[in-house]
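Colleague: Sequence:
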Amino acid sequence: MAHFQVLVHRAVEVPAHVGLGDPVVGVDVGVKADALLVVATPDGRELERVPAPKSLTAAQGRLRALQRRHARQVGPYDPSTKTTRQPSKRWVRQQRRIGRTHAHAAAVRRHVLHKATTALAQRHRVIVVETLNASGMRSAGGARKKGLNLALADAALAQIRRMLGYKTCWYGSVLVEAGRFFPSSKLCSWCGRRKPNLTLADRTYVGEHCGVTVDRDRNAAINLARLGETQCTGGTGTGTGSSPAATDSGGDGRGATQESATTRVVNAAGCEASTRHDDTVGQTGTVSSEGEAA
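My numbering puts the first residue of the sequence shown at 610, with every later residue one more than the last.
Hint data in this document are derived by calculation from the structure and do not stem from the laboratory.
If a hint is listed, it holds; no wrong ones were tucked in.
Below, in silico cross-link-like pairs of lysine to aspartate or glutamate (EDC-like), each with a Cα-Cα straight-line distance of 16 Å or less:
no.	residue 1	residue 2
1	Lys641	Asp824
2	Lys641	Asp811
3	Lys641	Glu657
4	Lys804	Asp824
5	Lys795	Glu817
6	Lys795	Asp824
7	Lys724	Glu657
8	Lys795	Asp811
9	Lys804	Glu817
Build out the structure end to end from the sequences listed, making use of the hints.
Modeller: Written out as structure tokens, the structure is:
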């Protein structure tokens with residue numbers, strides 16, 4: 610039987626309204642303006658769609674103007690003599706303006722992410738997210754991927770999982786991290802078949818065998834929720850999804866259970882800096898695939 614490592618911490622004061630929402634939800638993250646986070650349940654209901662703040666994109670006009678002016682001022686490097694020099698006071702002031710603009714964009718983004726992740730950790734007992742290689746997604750492509758790389762940086766996808774890591778510890782919920790190669794977007798949430806030729810430009814998932822049409826992000830969130838439900842109930846699923854009977858691919862018709870890649874169940878990230886509490890004592894334990902915490 611597979612085991613998963615869990616960090617167990619001292620209990621903290623938990624608000625009374627924690628866990629009053631759906632017990633298991635899947636969270637699909639993206640870079641679209643209207644779908645930074647899409648939250649869905651195993652039975653196919655979409656609970657919430659959090660729009661992306663796009664704060665860095667909104668600040669691009671001001672940043673371009675500041676940086677053009679900044680380039681014409683006397684900086685700390687002299688390209689003619691290839692030596693360092695004392696920068697001008699106007700160069701220093703312009704540098705501070707650019708820094709404040711970036712800090713404002715980051716603060717707006719952080720505010721939206723904090724509100725969304727806190728609501729998730731408080732309302733639901735099990736939250737399933739993808740394990741994304743955020744830095745690798747921006748590592749290649751050059752000018753051809755300039756717009757996508759900017760959108761990925763503006764969305765700060767890695768921060769979402771990091772915030773959920775320590776907030777699930779605060780509020781007593783469980784974070785399930787799907788494997789990096791789990792095909793949440795390519796699996797059909799209706800029949801469970803995999804669609805190998807799904808491209809990033811396809812924003813609507815159309816089932817090749819069952820003919821179902823569903824939003825791509827919602828389909829992925831449903832598959833993630835069903836994966837978490839399977840991990841926390843020992844593979845017996847408690848949702849009431851209307852998926853048909855098992856297909857010839859060998860599953861039970863529940864899309865996300867067809868290819869359950871390595872999944873990590875974590876209860877917290879105790880090493881994260883936080884202000885919620887400072888008496889977290891890490892005690893390493895194990896939890897079985899039925900989801901019972903140590």
